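Just add 177 to wherever you are in the sequence shown, counting from 1, and you've got the numbering used here.
Please keep in mind that the hints were generated in silico from the structure rather than gathered at the bench. As the structure is a computational prediction, the values presented were derived from the model and not from experiment.
Once the Cα atoms are required to be at most 30 Å apart in a straight line, the calculated BS3-like pairs of lysine-lysine come out as: (1) Lys403 x Lys359; (2) Lys403 x Lys326; (3) Lys204 x Lys403.
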Amino acid sequence: MQLPKDWLTQGLIDFEYKKYILLAYLKTVSESFGKTELYPFLSDLVFHYRNALAIRENKALLRESFPKELSLEEFRRLELSYRKLIEDDEVMAELDEIIAFAIPRIKESLQEGTIIYDYVESQCEISPVGVTPLYAREGYLFVTQPPEKETNVYRYQISFYEDSQEQLRSLNTEFIESVQKKPLYTYERIKLDLLARWKDMPNPATYLILSRMKFPFTETLMPVAKRLFVKHLSRLHEAESNPGV
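Build the full structure now, drawing on both the sequences and the hints.
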């Protein structure tokens, strides 16, 4: 079960009804977390929590609270719908009660997911495969977990952007193949085979992310690995931008 982006203002604004919807959603989230499946629910919880706080504090929908996939036109429709609601004192009183109920419960689920996320991240190690070139903004990423019989191989490219407040990062990964790992088929050998097949990157940066424990790959390990990898590359970029610091 997914919780719509505009669940707070969509349809019937009734405390018992919204409470039922939220608790059913959080039950689904809890079941997913119980199987150590983090995504897509963890990122959804972050959105719903921030949006509920924004509505409570500002009595307005904040554009930046919504996912980037939400178009400006879609957001404006949501905003218009919300503005009509706030003109009705009775509806707003009901909405305030719904938000007061929702925020601590979403926060509790978010904290549960964050604990799992931190644990999964703590089980992951990043190491270079072979010699790492100075330019590490593109290359190959290997991701594997016990019993290391299969390694997923990706091509990656990261971009860094600066705005007035923070550094923005964008990581793109392209799945290449799953390699059956054998004792004599080392990660260095996998890299050499990639070099022989793909000539456009003669000296690519190549990294291995190895999890010490087995987790659901698509729902947990890969999303966590990608975020961990972004942090690693960001540190390299920062060191490159500020040599000697």
